[in-house]
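Q: Residues per chain, in single letters:
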Amino acid sequence: MSDSSAAQPVVFVIDDDASLRASLSDLFASVGLQVETFGAAVDFLRTRLPDGPSCLVLDVRLPGLSGLDFQADLAKANMHLPIIFITGHGDIPMSVRAMKAGAVEFLTKPFRDQDLLDAVQRGLELDRTRREQQKSLADLRARFESLTPREQEVIARVSAGLMNKQIAGELGVAEITVKVHRGNAMRKLGAKSLADLIRIAQMLGLHRPH
Amino acid sequence: MFRNLRTSTKLLVLCSVFLVSIGVPAYGLVLEKLIAIDFARKELVGSRYLATVREIYAAILSAESGIPSAELLRASMDRVVQALADTEAGTGRAFETADRAQAVTAALRNLGTHDAEDGRMRPPVLDALAKARALAVRIGDDSNLALDPDLDTYYVQDIVVRKLPTLLGRLSELQELFKTHVEAEPRSHAFGAHYPSLERLLRSIADDVKHNIEAGYRGNADGSLRRAVDAEIAAMLTSVESYLGVLGVSSVGFDARDAVAYDRLHESAARQTIHAWAVLQAELDRLLQRRIDGLNARMALGLALIGAFAGISILIAVLTHRHIVRPLERLEAVASTVRETKDYSLRATYSSQDEIGRVTAAFNDMLDELAAARARETAERSELARVSRLTTMGEMAASIAHEVNQPLAAIVTSGNAGLRWLAHATPDLNKVHNALQRVVSDGLRASEIIGGVRAMFKKDAQERGPLEIGDLVEDVVALLHSELRSEEISVQLERGGDVLAVVGNRVQLQQVLLNLITNAIDGMRSVRDRPRRLRIQVSAGAPGQVAIRVEDTGSGIDPQLRDRIFDPFVTTKSGGMGLGLAICRSTIDAHGGQVSVSGGNPHGSVFQFTLPVWTSAERDVR
Chain V
2 MSDSSAAQPV VFVIDDDASL RASLSDLFAS VGLQVETFGA AVDFLRTRLP
52 DGPSCLVLDV RLPGLSGLDF QADLAKANMH LPIIFITGHG DIPMSVRAMK
102 AGAVEFLTKP FRDQDLLDAV QRGLELDRTR REQQKSLADL RARFESLTPR
152 EQEVIARVSA GLMNKQIAGE LGVAEITVKV HRGNAMRKLG AKSLADLIRI
202 AQMLGLHRPH
Chain Z
220 MFRNLRTSTK LLVLCSVFLV SIGVPAYGLV LEKLIAIDFA RKELVGSRYL
270 ATVREIYAAI LSAESGIPSA ELLRASMDRV VQALADTEAG TGRAFETADR
320 AQAVTAALRN LGTHDAEDGR MRPPVLDALA KARALAVRIG DDSNLALDPD
370 LDTYYVQDIV VRKLPTLLGR LSELQELFKT HVEAEPRSHA FGAHYPSLER
420 LLRSIADDVK HNIEAGYRGN ADGSLRRAVD AEIAAMLTSV ESYLGVLGVS
470 SVGFDARDAV AYDRLHESAA RQTIHAWAVL QAELDRLLQR RIDGLNARMA
520 LGLALIGAFA GISILIAVLT HRHIVRPLER LEAVASTVRE TKDYSLRATY
570 SSQDEIGRVT AAFNDMLDEL AAARARETAE RSELARVSRL TTMGEMAASI
620 AHEVNQPLAA IVTSGNAGLR WLAHATPDLN KVHNALQRVV SDGLRASEII
670 GGVRAMFKKD AQERGPLEIG DLVEDVVALL HSELRSEEIS VQLERGGDVL
720 AVVGNRVQLQ QVLLNLITNA IDGMRSVRDR PRRLRIQVSA GAPGQVAIRV
770 EDTGSGIDPQ LRDRIFDPFV TTKSGGMGLG LAICRSTIDA HGGQVSVSGG
820 NPHGSVFQFT LPVWTSAERD VR
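Sequence order for the protein chains is V and Z.
Just add 1 to the spot in the first sequence (first one is 1) and you have our numbering.
Just add 219 to the spot in the second sequence (first one is 1) and you have our numbering.
Hints are computed from structural coordinates only; laboratory data are not their basis.
All values derive from a computational prediction rather than experimental measurement.
Just so it is clear, CB atoms sit at the ideal spot from N, CA and C, and this is done for glycine as well.
Hints may be right or wrong, so weigh each one.
If you anchor each label on the Cβ, the simulated ranges turn out as follows [said to hold, decoys possible]:
(1) Z:H652 - V:G40: 19 to 29 Å
(2) Z:A617 - V:K77: 29 to 39 Å
(3) Z:G818 - V:D119: 20 to 30 Å
(4) Z:V710 - V:Q35: 29 to 39 Å
All chains, please: the whole structure from these sequences, using the hints.
A: So this is what it looks like as structure tokens:
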């Protein structure tokens, strides 16, 4: 876990124009970013993605299929890579479609280098945040799994807004028992208050069992 | 069969049938008139024969009354015998009078050779008279006048043929009876017995003459008959009456001294009768001649009328031909000229209120509408061409922009990268050098693209000249190279061994090829399960032609749509206007070629167009 956060960010470039690939590679290198370039989308798919933050600079016109279609394909494959589109002749419908599908930026060639670098930084930041969120969620889930089944039942009802007496009635136990389970669970989950507990329950997607 | 005849032939047939239908009754009319005329002529001939007979009577009676000398008598008889022989030779055959003429001749010769000294000539005279009368009756029997509606000629001839010879015969018989009895034995019984019957016969004949001539007068409308013969008939009847009157008075008691007076009265009656005969005969001839003239006139009038009607019918046929057939022929000529030349400004010229005139007017109106429709169509087509040209220009501009943007983006990026390398605390000059080299090469690349585009548009858009079609195809394929590559389409260009030159406008033909290849690319965009292949063939087609074939392995065209795919606004693309192929066709048409489409085997579609080969002869003309 600590390795992944320390991993170098990588910028992927897919463009069929070799000359532009070389220039982009050089540009990203000049600002110290690690870069990998591909002439076609299929080549990119063969690569193993690194654990560190990364983003994709994608030409709209790709050999074989369009960049927009490729964006959809990636989303379907659950690969949430921030994408910056570059195009030789962008038009408004195309850029709208790209942005709706979650693109970071849509740049028209020739673009200002700072715009591209800003967009790439933003993409990397997004990816980094996403990765961190994913990591803390996994952490919470592990903690939740460490609760006893009875503690999990109690927590689910607490987060649904039931009072201790009601929970005791539903579960058929004494109110004092509920209080003990609740205290143990809050400690294990690291919740300092009831509000904190409810936030955690929402993150975990808990809901009241019927 | 009649339906397929030319209208002028139909008219001719109609006119001919009409003329025949006029001609047949006309022939009947002429025939009828000719028969009537023939009848009348025959009567004339008979009348002439009767004139001879009358001369015979005159001669016989002159021989009876006073015989000057044997020589004179013989000469007189010879003369009439000769006249009779001539007449008989001329016309006897028609009346079959040969035997009776011979009998008359024999009687006359007998009369001529009879001894004049004897003074007893009565029986031979009577015999000759009887024979002559028989001859006259035969001629009269052959007359057709009884069938004639003209009563005047009928009655006159009856008088001439029957009554007057009989009258003369009876007069002679009476005179003979009288003389015989006066000289032999006055107041004899025989005379007393014979006289009253003879007198009654004579009076009866005279009454018949009177009655007949009155009937003839009634039948003679203009009264000319009465004027011509009335006096003579009256004189004859008076003299006969006075002869009979004297005889009647004398029959109870007369003596021989009165014989001379009786002879004179008899002679007078005979002379008057002969005279009346001559006059009547002349009148008969005149009437017959007038009838012939009338018949001739009526026939001429009838023929003239028929001729006039026939002429009018021919005139009407000619007019019909002029006002129906000729306008129709002109209409047909204009129609076929319009069909051949497509010149809708032509008009048929025929102004009339009839059906032909209305058809001509309707035809001209139709041509007006056709011309207007054609003008609209031409305008629409040129508008389409303009729109399509703009669309194609827009597409080409976008394509060019993309092609130029690519190296520009690389240049800008490389420049920026170089600047950043320079900005480092320790500038990496090697990196800067590399960046600048890329800038230079991409700059050159951009310049090449611009140069290619300029070369493409350098020629005047309307100018036509000889083009090497294979090179043109290669240029267009090169222009679309990046697009073809990005769609992963393999290109197969086949050029025939010969250098094939055509005459045409470079830009227009480039647009045609651009259009067809772009369509092929669009058609193959959705293809994933088979190779995307574009095959372009340039080959010598039919003599004098070059064929260019563009074949793809795309989704193809619905066969039902194939016939209309070149029509404006027919498209298989969701966003297309359906103008590209319409413009292709009009361009190829304008170049004198043809464009067609067929299905690919097993996939895709095949577009083929032809262009006329540029020959060295054209070079010489230039």
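Q: Hint by hint, say whether it matches the structure.
A: Results of checking the hints against the structure:
For H652 of chain Z and G40 of chain V, the hinted distance range of 19 to 29 Å is satisfied, since their beta carbons lie about 25 Å from each other. Taking 29 to 39 Å as the suggested C-beta distance range, the pair A617 of chain Z and K77 of chain V conforms, at roughly 30 Å. A beta carbon spacing of about 53 Å between G818 of chain Z and D119 of chain V contradicts the range 20 to 30 Å that was offered as a hint. At roughly 38 Å, the beta-carbon separation of V710 of chain Z and Q35 of chain V lies within the given 29 to 39 Å, and the hint holds.
When held up to the earlier numbered hints, the structure conflicts with hint 3 and nothing else.
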